[in-house]
Amino acid sequence: MQRAGKSGLADDYRNLSETELAGFAAANDERAFAEIVRRFSPRVFRVASRFFERHSLIEEAAQEVFLKAFTQIGNFENRGSLEGWLTKIAVTTCINLLRTAKRQPELIIADLSDDETAWLEEKFLNVSAADYQSEEEKLIAADLLARLLKILPPEDRFVLTAIDGEGESIKDIAEITGWSESKVKVKAFRARRRIRGALEKLLPAHLR
Amino acid sequence: MMKQQHIIKILDAADYANLSANELAAISEHVRQCQDCGRALQAARISSVLLKYQNAVEKPEPSPFFQAKVLNAWREKHLMQKPLAAFYRWWQASAALIILMLLTVAGLIALTAFAPRSGAVTVQSSQSNFNLYSTDAVIFNQKPARNLTTEQTLQVLDNTKSDSLKR
Numbered sequence: 001m002q003r004a005g006k007s008g009l010a011d012d013y014r015n016l017s018e019t020e021l022a023g024f025a026a027a028n029d030e031r032a033f034a035e036i037v038r039r040f041s042p043r044v045f046r047v048a049s050r051f052f053e054r055h056s057l058i059e060e061a062a063q064e065v066f067l068k069a070f071t072q073i074g075n076f077e078n079r080g081s082l083e084g085w086l087t088k089i090a091v092t093t094c095i096n097l098l099r100t101a102k103r104q105p106e107l108i109i110a111d112l113s114d115d116e117t118a119w120l121e122e123k124f125l126n127v128s129a130a131d132y133q134s135e136e137e138k139l140i141a142a143d144l145l146a147r148l149l150k151i152l153p154p155e156d157r158f159v160l161t162a163i164d165g166e167g168e169s170i171k172d173i174a175e176i177t178g179w180s181e182s183k184v185k186v187k188a189f190r191a192r193r194r195i196r197g198a199l200e201k202l203l204p205a206h207l208r
Numbered sequence: 001m002m003k004q005q006h007i008i009k010i011l012d013a014a015d016y017a018n019l020s021a022n023e024l025a026a027i028s029e030h031v032r033q034c035q036d037c038g039r040a041l042q043a044a045r046i047s048s049v050l051l052k053y054q055n056a057v058e059k060p061e062p063s064p065f066f067q068a069k070v071l072n073a074w075r076e077k078h079l080m081q082k083p084l085a086a087f088y089r090w091w092q093a094s095a096a097l098i099i100l101m102l103l104t105v106a107g108l109i110a111l112t113a114f115a116p117r118s119g120a121v122t123v124q125s126s127q128s129n130f131n132l133y134s135t136d137a138v139i140f141n142q143k144p145a146r147n148l149t150t151e152q153t154l155q156v157l158d159n160t161k162s163d164s165l166k167r
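Top line first, the protein sequences correspond to chains U and D.
First residue of the first sequence: 1, per the numbering used here; consecutive thereafter.
First residue of the second sequence: 1, per the numbering used here; consecutive thereafter.
None of these hints come from the bench; they were simulated from the model.
Be careful, since some hints might not be right.
[What the hints assert, rightly or not] Selected chain U positions facing chain D (Cβ under 10 Å, derived; list incomplete): (1) E20; (2) F24; (3) A27; (4) S41; (5) R46; (6) F66; (7) L67; (8) I140; (9) A188; (10) F189; (11) R192; (12) K201.
We put the CB at the ideal spot given by N, CA and C, even for glycine.
Please build the complete structure, drawing on both the sequences and the hints.
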């Protein structure tokens, strides 16, 4: 590799393919590590944000992911993409971090804010209006979703948000997690049932 | 057929938004007669809508310092894996404490060494009026045979004994 000054060097690393980058990183090249973090941190943050809400926790998880990846970079066999490999590490790391954390209590109707209750009532009466929500209402919905998702085990939460939320396929999730497709289906089924059950309980009594 | 079957399993098997027209028609048909399934259907619809809103919230981006932070953490972790470097880091962290402890121990040793000597001086000075070669002097000074031969010492002891018998 040509080494022409610091910025030139950084550019050189930016132009490396994933395979080359993994090779340099496996040889403990710190600049390759830096480039991996620069290139893939948005993806890792995105995965971590499916598991954590607070930015500090997301960043902590992402850091853990990269440290784990650097330690295991020698095991990356170029079978898939480096991004896919990092995504796998990110999913397992986040699940493990959440497993060690406290389980969240069940959400009850009293926990809902007035805005959230109004949003639920409105949605119950007119779901088709979903496309005409204001930004503020979208945020209320996102917040309510975040709280609902806390009742799920981390693995189920990841599967549900990836499949129903972001439209990823069961096959993709099976590949990322290393689980069988039937396991992914079971987790998605179980997650939908729990979220639906929680929502049924949350719906105002006069609307049930 | 659908009229007799509850639809909950269908709702849980797939995202509501991905149900086919046929499935939706059959569900609507069933829901007209089943209140429980009607409630489940509403909850499934809301759940489906909610999950689409997760992207409404701005996704967190790595801070400008994130890269440096990760690399620093990596360097630290890497250093800890090398024993000599680990020792160096340990020494950096605890040198002050260790030096303080060594100084304290040295101080204690010095005190222990000097304290009995000063006590001996006191005893010696208080006995200065005694006969240098008396039994008391020999015993308290604990310096046998400094100036005396064994015979002289025995003679002093004999003299002391005969003195006390005379008394």
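Hints and how they fare:
1. Checking E20 (chain U) against chain D by beta carbon gives a least distance of about 19 Å; that is not within 10 Å, so the hint is violated.
2. The closest approach between the C-beta of F24 (chain U) and any C-beta of chain D is roughly 14 Å, which is over the 10 Å cut-off, so the hint fails.
3. Evaluation of the A27 (chain U) hint against chain D yields a violated restraint, the C-beta minimum of about 13 Å exceeding 10 Å.
4. Interface restraint check: S41 (chain U) against chain D, minimum CB-CB distance 4 Å, threshold 10 Å, status holds.
5. Evaluation of the R46 (chain U) hint against chain D yields a held restraint, the C-beta minimum of about 6 Å falling below 10 Å.
6. Taking 10 Å as the C-beta cut-off, the interface hint given for F66 (chain U) holds, the closest approach to chain D being about 5 Å.
7. For L67 (chain U), the shortest C-beta to C-beta distance to chain D is roughly 6 Å, which falls under 10 Å, so the interface hint holds.
8. A distance limit of 10 Å between C-beta atoms decides the matter here; for I140 (chain U) the minimum to chain D is near 9 Å, and the interface restraint holds.
9. Interface hint at A188 (chain U): satisfied, since its Cβ lies 8 Å from the closest Cβ of chain D, which is below the 10 Å cut-off.
10. With its C-beta approaching chain D no nearer than about 5 Å, F189 (chain U) sits inside the 10 Å limit, and its interface hint holds.
11. Look at R192 (chain U): its Cβ gets to within about 5 Å of chain D, closer than 10 Å, so that hint holds up.
12. Evaluation of the K201 (chain U) hint against chain D yields a held restraint, the C-beta minimum of about 9 Å falling below 10 Å.
Hints 1, 2, 3, counting from the list given before, are not met by this structure.
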